[in-house]
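The residues making up each chain are set out below.
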Amino acid sequence: MSQEETLNGKLPGGAFLGRALHRIGLRGRGLVIAIPVLWLFLFFLLPFLVVAKISLSEAAIARPPYLPLWNWDDGFLNITLNFGNYLFLFDDPLYLSAYIESVKIAAVSTVITLLVGYPMAYLIARAAPDTRNILLMLVILPFWTSFLLRVYAWIGFLKGNGIINNILMKIGLINEPLVMLQTDFAVYIGIVYTYLPFMILPLFANLVKLDQSYLEASADLGARPVTTFFTVTLPLSASGIIAGCMLVFIPAVGEFVIPALLGGPDTLMIGRVLWNEFFSNRDWPIASAVAIVMLVVLVIPIMLLRKAQAAEAEVQ
Amino acid sequence: MTTSQPSTAAKPWDTPDAVPFMQIKNITKKFGSVVAVENVSLDVYKGEIFCLLGGSGCGKSTLLRMLSGFEVPTSGQIIIDGEDQAGVAPYDRQTNMMFQSYALFPHMTVEKNIAYGLKRDGLPKKEIATRVTDILSLVQMDGFATRKPHQLSGGQRQRVALARSLVKKPKLLMLDEPLGALDKKLREETQFELIKIQESLGVTFVVVTHDQEEAMTLSSRIGVMNKGEIVQVGTPHEIYEFPRNRFVADFIGSVNLFEGRIKEDGENHVVIASPEAGTDIYVPYAVSGVEGQQIAIAVRPEKMEISKADLGEMRNRTTGTVDEIAYMGNVSVYHVLLDSGKRVRVSQSNRTRSNEDAPTYGDRVNLGWAGRAGVVVTA
Chain A
53 MSQEETLNGK LPGGAFLGRA LHRIGLRGRG LVIAIPVLWL FLFFLLPFLV VAKISLSEAA
113 IARPPYLPLW NWDDGFLNIT LNFGNYLFLF DDPLYLSAYI ESVKIAAVST VITLLVGYPM
173 AYLIARAAPD TRNILLMLVI LPFWTSFLLR VYAWIGFLKG NGIINNILMK IGLINEPLVM
233 LQTDFAVYIG IVYTYLPFMI LPLFANLVKL DQSYLEASAD LGARPVTTFF TVTLPLSASG
293 IIAGCMLVFI PAVGEFVIPA LLGGPDTLMI GRVLWNEFFS NRDWPIASAV AIVMLVVLVI
353 PIMLLRKAQA AEAEVQ
Chain B
18 MTTSQPSTAA KPWDTPDAVP FMQIKNITKK FGSVVAVENV SLDVYKGEIF CLLGGSGCGK
78 STLLRMLSGF EVPTSGQIII DGEDQAGVAP YDRQTNMMFQ SYALFPHMTV EKNIAYGLKR
138 DGLPKKEIAT RVTDILSLVQ MDGFATRKPH QLSGGQRQRV ALARSLVKKP KLLMLDEPLG
198 ALDKKLREET QFELIKIQES LGVTFVVVTH DQEEAMTLSS RIGVMNKGEI VQVGTPHEIY
258 EFPRNRFVAD FIGSVNLFEG RIKEDGENHV VIASPEAGTD IYVPYAVSGV EGQQIAIAVR
318 PEKMEISKAD LGEMRNRTTG TVDEIAYMGN VSVYHVLLDS GKRVRVSQSN RTRSNEDAPT
378 YGDRVNLGWA GRAGVVVTA
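Each protein sequence line maps, in turn, to chains A and B. Counting from 53, one number per residue, gives the positions in the first sequence under the numbering used here. Counting from 18, one number per residue, gives the positions in the second sequence under the numbering used here.
Isolated chain A, as found in the complex:
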């Protein structure tokens, strides 16, 4: 049975639609792919091209606040590409240090998230099936509350007369409150707290599949549990580690809300720079250039991830 026939048979009155789609070269298989392709085109590629276009234009006090890239003048097509925005990014040390700071904060919090998340994922994967579901539920549970609200709640914990300081003072560990809010420390806490589930879930999915007989074989060959962990479990969960790290690192680099709420004035992350350029300075071209460069910075780890996944697919 051809795909056209299937389509006709399944959809009431679909004969006409089927024929029409067939005429423009779309059959069952093409149709299935068409939807995500269309989605990516409309909501990723098109906006990206718009941003790329703005990044090459000149700022102006106008509406929208930039000059058009091309105009038609007396039979001449004038195209003005302004690379000045990009050059400006490298001129002003503010942007470079914001990129470096963002990548640093994201990298450090990714490592902390991994160190916290791995044992949790391991424990959940090794738990009895009933307990496992409850533990997984607890990991996902925070998502049921607004992200903004949860980050905001941390202010209550971290501020000068907040919960943590109050407890520490009451038990006499400190005499005066620690400055935690509006520091990088608070940003790390915020990022690790927020993105922990994104680390745990891929790690869990990986570790739960780990064949117990590998661990038994390792023990049988004389490896103690710690050795087995570093020689067998850890390398076999590499793809889960990479996936979890990417899921944490990529959004953390561009994070805006957490540094804005918990960070201090000197926590300069690229998300905040972007916000300032866009909303305070109304310099859309610079803001777009900042976004494009950030995208390029992030494409590199994504490509590494794809390479690792391809390598793992080959093994299986």
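Hint data in this document are derived by calculation from the structure and do not stem from the laboratory. Where hints are given, some of them may not hold.
Claimed, not checked - On the chain B side, residues computed to face chain A include the following (Cβ under 8 Å): (1) P107; (2) Y108; (3) Y378; (4) G379.
Said to hold, decoys possible - DEER-style ranges, computed between Cβ atoms: (5) G224(A) to S118(B): 42 to 48 Å; (6) Q264(A) to T336(B): 42 to 48 Å; (7) A360(A) to V348(B): 42 to 48 Å.
For glycine and all other residues, C-beta sits at the position ideal for the given N, C-alpha and C.
Following the hints, position chain B against chain A.
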């Protein structure tokens, strides 16, 4: 079927003062209220290939896992080479295991897989390299050292798994369904290689299998397991020719079981009245039993004669109708329906390419077997 003898010419299990290499004493393993292994005692001698044979869920794998330390016995004692294994962790035991799934580390090359156990012992790099090379050539896998497991065929993986478990020169090697994942042809070839390797290294093997043919070919002795208990221990010959009870007779090979009662209990013979067989069965040896006792006699299909002609010279005779014939090339198996309604299997080897006189469907046939062909099973 062939029987391999252990490298020691004598049979240590028949020698009263021989010291067993491994002793299992009254081992019981319970999972909650389920008894997986019940009160098993077993002696295995140095250089043996001992097969634990049984259907799935009979407890053979649990027993093996207790030997390697992955399960802790609920009660009982395991002694290997004079050392009590209680409380000894798997990584401290001088035994190795070849896993049913092979469990080759997928992220390591063949070489690294085999070197893994030697590295854990902290051997010098040079020695590790020589031993890996040696064992690879023993299992005929030289040239595959740098491959990853996923680049190997099933038979090659089996060899690597064997090499990895042998390279540490374990006191005892446990093999969990070692040939289970191989196709029939490869399995037959590998069986003999396995025996050769075992003999050249002198390592004691304990093999778990559900395949009776594999057990018969490989082992010096077989322990037949059923429902967590060892039903019979013996050489393949003993197990096949002298099954202790109906389960063993039925599990190993195919068998015709005739139920009956002792009619005449002589000093060196018994006569069993078996309405099922349609005749009184004469057995030319004494049986421990009393007159009238319910008893069964097991006769293997290949020990029976089938003919359209009279089988006057046979001690036990009956008649029936050919119901089905299975032609297997080397033998033909006849399913004969006796007048009692009992179905009997008789196999005849096909010595000539075609036999005009061979019985065919619906023929009335005479069946006969010698007095010593059958074995009495009481339990």
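Each hint tested on the structure:
Checking P107(B) against chain A: minimum C-beta separation of about 4 Å stays under 8 Å; hint holds. Hint on Y108(B) holds. Least Cβ distance to chain A is approximately 5 Å, under the 8 Å limit. Taken as an interface hint, Y378(B) does not check out: its beta carbon lies about 44 Å from the nearest beta carbon of chain A, beyond 8 Å. For G379(B), the interface hint is violated, the least distance from its beta-carbon to any beta-carbon of chain A being 47 Å, above 8 Å.
Look at G224(A) against S118(B): about 58 Å separates their beta carbons, and that is not inside 42 to 48 Å. Hint check: Q264(A) to T336(B), Cβ distance near 58 Å, so the stated range 42 to 48 Å is violated. Separation of A360(A) from V348(B) is about 57 Å and departs from the stated range, judged on CB atoms against 42 to 48 Å.
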